[in-house]
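Residue numbers (this note's numbering), protein chains in the order written: chain A, 1 to 293; chain B, 1 to 157; chain C, 1 to 753; chain D, 1 to 81.
Keep in mind that a hint or two might mislead.
As the list claims (entries may be wrong) - With the C-beta cut set under 8 Å, the calculated list includes, among others, these residues of chain B facing chain C:
id, residue
1, T43
2, A96
3, C103
4, P105
5, A120
6, L134
7, V153
Note that these hints are calculated values from the structure, not bench results.
All values derive from a computational prediction rather than experimental measurement.
By construction, the Cβ of each residue, glycine as well, lies at the ideal position given by its N, Cα and C atoms.
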Amino acid sequence: MLTGEGLVQYVAPETTKDAVAILAKARGSTHVLAGGSDLLVRMKGGYVEPDLIVDIKRIKKLHEVSKVAGGFVIGAAVSCASMGSNKALKKAWPGIVEAANLIGSDQIQGRCTIAGNMCNASPAADSVPALVAAGARAKIAGPKGKRAVLVEKFATAPGKTCLKKGEFVERIELPKRLAKSGDAYLRFIPRTEMDIAVVSAGINLTLDRKGIITDARVALGAVAPTVLLVAPAAKAIVGTALDDDALEKLGAACSNACNPIDDKRGTVEFRIRVAAVLAKRAAKLAYTRAGGK
Amino acid sequence: MAQLVSTKINNDPIQFVCEPQEPLLDALRDRVGLTGVKEGCGTGDCGACSIILDGTLVCSCLVLGVEAEGRAIETVEGMADGATLHPLQTKFLEHAALQCGICTPGFLIAAKALLKNNPAPTEEEIRYALAGNLCRCTGYDKIVRAVQDAAKVMRKG
Amino acid sequence: MSNNTKFTGQSFKSVGTRPLRPDGLDKVTGRARYGADIQLPGQLTALILRSPHAHATIKSIDTSKAEKLKGVKAVLTSADLPDKNKGDQDLFDILDNCMARKKVLYDGHSVAAVAAIDAVTARAALKLIKVEYAILPHVTDVDEAVKPKAPLLNRKCITQGVEPTPKKASNVAKRTEFGHGNTETGFAEADFVKERNFKTEQTHQGYIEPHACVASYSPDGTAELWVCTQGHFVFRQQCAALLGMDVSKLRVTPTEIGGGFGGKTHVWAEPVALALSRKANRPVKLVMSREEVFRASGPTSATSIDIKIGITKDGTITAGDATLRYSNGPYVGPWAMLGAMTAFACYDLKNVRTVGYEVLVNRPKTTAYRAPSAPMAAFAVESVIDELAAEIGMDPVEVRIKNAAKEGSQSSYGPVYGPIGIGPTLEAAQKHPHMSAKLGKNQGRGMACGFWFNFGGQTCTDLNIAPDGTVTLTVGTIDVGGARASLSLIAAEELGISYEDVKAVVGDTTSVGYNDMTDGSRGTFSSSMATIIAARNAISILKERAATMWEIPVDKVIWEEGHAKATGKKHGNLAPLSLAEIAAEAPNTGGPIAGHNELVADGAGVSFATHICDVEVDRETGRTKVVRYTVIQDAGKAVHPTYVEGQYQGGAAQGIGWALNEEYIYGDDGRLQNPGFLDYRIPVCSDLPMIDTQILEIPNPNHPYGVRGVGETSIVPPLAAVANAVSNAAGVRMTHVPMSAPRILKAIDSAQD
Amino acid sequence: MAEIKVWGGLRPAIGGAATLDIEASTIRELLRKLEEQYPDTAPFIEAGIAVSIDGVIYRDSWGQKLPSSAEIYLLPRIEGG
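The shape of chain A in the complex, shown without the other chains:
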């Protein structure tokens, strides 16, 4: 074949070490395959023409969800469907699991992963605002060893990540779950299923015994080039029992933080406005989940 397309290589290493070695040596267009639900779509459209595909699903360790020191570790090859069937994870982080389970159909759920969702670096990725709100970290393996990056720092621009040559995401780490905490993720899509978020909000919060919010993280999706962590929005509800006034301030802070574009999925005006609506609704849900009344 004169095209080079016939020379595409596929490898499925069985250890992280092998994967890193292959990636470090690779030349040309190299792509890590986890769930494949983004990569194969881009290949079909001709936007990506890989010379090398590195399938990390044969690395056994990456299929595990484990509980470590109060937190959770989710391997990069764990499908969103299997996250949904993990009861402990769902109990601790219902918002993250719901967000993961919103990605695509049951068919997609059987394949897609939150690590892949994050690596795709789309501002509209469903699981990312929930992960950012949770304070999750990505554990990256590379030729120089391992490093951890907060999820909000992982994507640098639409389609761009902080991954360096030879690196790949091995797992996602969720922090220790404190008592009286809750999280929630909501998105707006035109249909009931099968859509990309037009705008979305993820909120994680912790209450004291009286139901006052002591800590909160608010993240918005699809309103800026990358998922936003909105500190002023968190500030608006910390120290409150999520009264109407706090909710209004939360909504306003969210709308203020938005820097969206008009595109086929929504307008600037719509996104700014509905970001506030979703943030308020997600906050109420998270508050209830944290045991607030």
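Given the coordinates of chain A, work out where chains B, C and D should sit on it, guided by the hints.
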């Protein structure tokens, strides 16, 4: 470089050769000859190419053929037991849950996966479980009814 | 099912029952063969290179590098498909759409094609074709395109239908007008007059099976084509004409069709596949990708419609006026005309005028989509009628009943109506429990009516009786919705045998005479007429054979319940002969027994429907959910009621998608932004409720069993029914379809200002 | 025979009138005489004219008889989907 892939398809040992970038959908249709697996979009949005891969419902257009090495695949061609149709197939016929029929293999496979995990789904659960399968002819009404009826029959064993 | 008028006096044994469809088993087991499932030995894979520009002159195409690529067997440009039909504008437009000549006219317009040993090679070859374009200004919006300074698609386009003939070219290809009476007088008599502009966005039929064909052209000048199509005879004519072939030398075999809805009524890529096969001297398979389907096939018009309706306090519509601008893509079609004809067709109006403008824009060629053009016009008219009903404080159903057309009314498009079903569907809606069910918070109810013509056309059918008494029915109309089952029922009915003893097949172009395509809801209507006559012809032969067997005069033989019976004192004691017994004796009574018929099945009955819809609107996000939906439609006679319901439900679902989410979105660059099922959002299963149906039977006097077409009308009312429901829920009139969340929020805001 | 009504779009081709006076016993004769008397109607006939006889639309049956008392209406030939 083309690779040899060994799989179990509908309980038969099947080997095929495919290019690394080739979707499993193309391999099943063009290399194995299982054209009951349909392509409506090639991007995971229509579900016509649904198969069950090692027990998990997936779109075969979003799986590489080479990934199927050592794995078990179920397609619509393997649903009936000889001349005896699967209850879902029977109920799709009885309820006229198909018109043009291009989406039917995908719906049958997705419904089979659903009923395996949830033998008594509500109407809403059926609708959400089948949301990854597009049908443009029926308005879904008769499909949902067929799945409800099949579930009833299957529960009775 | 209810039968509101007395029927033709016939009682049926098979017609009206609900047996399993003959193609069903193959479809649930994966055996059914669709366009892309055909494989021929030595087959090549073809791909088409498409324009990335909305409007550009093709300065040059260099295919030399692609031709040299190993594994490439043919590269094609418009030079390989020269215009063989000089002067036939329709054929030229189809040819130019299949392969652009001097200019590309829309994003996705095909400019070259390759056939290679596999898809990988074909894709590589496409990249090696160098096309030099000179980009021209473009226009995609229908209202922008009619402005005097809009970029011109065709410098020779002089508006037809205008006196005197305009001297300047424009994007308005044609003007048409319908109506009667005097609208000025009518508006003067009105107590209330409402005037509004409505817009609808372009939608696609959205069939799940992309266009696919396999072409095999022999050096002896004959060729075969396997293709998913709504009309293989039409495809044969068009392909033969475009390739300069003798029609009889092209055999077209229709595969199962994975949906069409009007989008598979004319050729898109089939002539290209044939020309590639001719050039490569190998069979060629050409399958469009989903992206190609959206960019370069199918869509219906985007529209802008001005409506003015006058009404008296007591609810009499005094006049209706509509100006309809429909986008046609780059080539003129009948789309605004159909909108103009159907807009007011539900009503008995003294004064009515509709004017349609066919507008050329840089979008793909507009094609028929289920009751083409009627849904948009109904959206506009039914919305204003709802508003006027509210204004005079009258129930919306009551207003419509008061103005509904009936037998003897002059239709808004001209002729008087025979017996029709608009009144009965409205009365059924009024009585329907849905109409009086309680609504929840943020919910609204809407209802609307719709009309479609239906038509017949050329039809040819063969009915062959096998030696064992079973029957093969060969029809030439493509089965898109269960027609094989319905036609088998009809053959069984006429012959007096059981449904299981009839096998209906769709014959290829060599096995039965010419048939028009399955469109205009004509498949079951026309082929059933031909089937009935063919069966009656076979019966007269069966009677002759029985007479021969009995050695009695044929006029003493009658046909009853599948048997020849001898009559009269002399022969009445002869035991009846079954069809099977007569068939078994055929070799000795004159040979094979068959019935045949060819006809023009004119006289299709017009069809009406009334839909009721409940929605819930989230006032904070603009999100709409359809919570209940009911379809009431006149079928004439429902041959297979389950498949009639299926047509009603499917049409309603397509209409709901159109009303809420489906639209072509173009960027400023004139390129289609959403050519995929992810962002071209057809309804998914969880978007819809069950769709209730009620079949009325107001028999069509021009069909032996009273059959009308049923396939199309069901898509006409939903845009309006959903819009009326949303408007009632949101408290503001919606005038732009689809009613996406941003549009609904904006409307709610502007109402509060 | 009764007057023949025509749709708005055809009127410019017959001098603006809404009705025609043509003696014809079949659709074929009617369309032949229409073209003879009004040459501007030729492109319309080529594109397809349907004839409604008492509300029943005939698109192709040119042999159809035109009863003297019938309402005759000329329409463009239409397409479906």
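Now the hints, each set against the structure:
no. : hint : result
1   : T43  : holds (6 Å)
2   : A96  : holds (5 Å)
3   : C103 : holds (5 Å)
4   : P105 : holds (5 Å)
5   : A120 : violated (18 Å)
6   : L134 : holds (6 Å)
7   : V153 : violated (15 Å)
Going down the numbered hints, you'll see the structure goes against 5 and 7, while the others check out.
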